[in-house]
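Participant: Using the sequences and the hints, build the whole thing.
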Amino acid sequence: MAAASYHTPRLLPALALLSLGALLAVALSVSTGSVAISTAELWAVLQGEGEPLHHTLIFDLRLPRSLAAFATGGLLAVAGALMQVLLRNPLADPYVLGLSGGAAVGALSAMLLGLGSAAVSGSAFIGAIVSAITVFGLAHGTGSWTPTRLLLTGVVIAAGWGAVVTFMLAIAPTESLPGMLFWLMGDLAYARSPWPALTTLLALSLLLLPLGRSLNAMARGPLQAAALGVAVKPMEWSIYIAASLLTALAVTTAGSIGFVGLVVPHMLRLILGNDQRLILPACALAGGALLTLADTLARTIIAPEQLPVGVITALLGVPTFLLLLYRSR
Amino acid sequence: MRRLLVVLSLLLAHIASASSERCVDDDRNVKVCLDAPAARIIALSPGATELLYAAGAGDKLIAAVSFSDYPDEAKALPRVGSYNRFDLEAILSLKPDLLIGWHSGNPTEQLAQLEALELKVYYSELRGFDDVSRTLRRFGELAGSEPSANAAAEHFDQGISALRKQYQNAESVRVFQQIWVNPLMTVNDQHLISEATRLCGGINVFGNLPRLAARIDHEAVLAANPEAIIAGGMGEENRSWLDDWRPYSGLLAVQRDNLFFIPPSTLQRPTPRLLSGTRMLCQHLDTARGRR
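Taken in order, these protein sequences are the chains called A and B. Residue numbering for the first sequence is 4 to 332, as defined by the working numbering. Residue numbering for the second sequence is 26 to 317, as defined by the working numbering.
Note that these hints are calculated values from the structure, not bench results. Remember, it's a predicted structure, so these values are computed and weren't measured experimentally. Zero decoy hints are in this set.
Short derived list, chain B residues pointing at chain A, Cβ under 7 Å: (1) PHE92; (2) ASN207; (3) PRO208; (4) ALA239; (5) ARG240; (6) ILE241; (7) ASP242; (8) HIS243; (9) GLU244; (10) ALA245; (11) ALA248; (12) GLY275.
Note that the Cβ used here is the ideal one computed from N, Cα and C, for glycine as well.
Facilitator: Here it is, written out as structure tokens:
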């Protein structure tokens, strides 16, 4: 496989193909559900005619949910790719530095207090940001920080959040347990409005595009990056802040959905090579498409009953990833 | 002389206790036998606490688990942990003569451990209306409070059969029973709530689902288009779940304003309060019939 070159001729065709895949995923998600809607009926609804029930189903339930799924998947995959560059560790994912733990403590506290879903989202976001600031502040300490130090701080903080989450589950009244567990497993049913996540995904992807060259240098190590004229410290800061913000928004939208952020960037690197200018937008598209498909399956396989989406992302992703890894040797 | 009196009284006490030996079947159909009426009972589920009070055995109750909040006296009882993880040492130190366990809710190993320590454990598992009055009678027998227990059981049975009679020929109403909001959850026909719904002439639109408590999506509710939506709430007063349905103006239940709230503790727990919850449910369904 060709090493990451600085001129990727495959950029446009690859992105065009992924965009097509993403569009198909959203289209499939909008057209399937526990109520069967035929293509003709779907067409009528899209033209503003058709049954009111179908109109409600498509515009009030399915479309916001699949857009939210797409945005969440995209956010997680981009955040994962950034974390892997920042920490130079293939095991890094958006949650490795304890962000999802902080968000979980926030969300579960709101649930324990019996607050509504807006408060749950709000406190999840606050929890994630508090966690990000804590980790960064502590890793910074009195001296300089290294990726190893940041990683260790994050992993230990994550373990701390984990203990708090377990404690909350242990003392929670029985009737709030299902809600808490589904939040922890990740669930698109919470998604209210897809727009904050979707606009952030788009904006940050566009902002990161011009940084692709510097990110490529960063992926090779700070010394090489510095030699290539990249301002390493500010760059590390921006990557950390961007990844934290993306992850915080993702968990706020749909709880802590695992797996997407770890595996999608790796999958794409195996296929497309490690050029961040291509990988980041590709992550946004492929992560979004994967989660949209997974969510569609999760809500239709045993409809009207619903499965947690995390089950499906792993079931789809694990064999795909293993196959790619096996073939790449 | 004094020694003789002591011996005599001991003997009498022995005879008295021998004659008051009592045995009941628990919900596993295992005999639970006591030499004398239980005087130190620990209830290992909030439901058991409520049933013991209703059976007139509240004064024999020496401890309960967390969330045992009904009746008010129960809140003052010492706690021995939660229903899913209790403190064996605390239980032993209180020297109970009877434990009321919850077959499907308590950890099996902990119950087995308590039995291995020679404590009497009654396993309760209530699934329907009949179980409520049967359990009340059994608790009365175990605690020696038969008169009030039997009266409570009688009152419950009569109330339920009156409702059954009143609504047996009522026109059916298709009902969506919402038991949780995030995730949206309902129950199938095996659940107590559905037994109450059937009694009031209602049909649970999700009765055929395979799981007792199932997680569903909004789409399924819109497709089922129930005539009435009955919701419990996070608290005993919270009606906000029902307001979430109002934007779906295509729903028959919304068009006719058949969105009803029933405090979850009166309809979702197999205790004597089930009578008032069922009565409320029947009235709501009758209101729905009136809006046709």
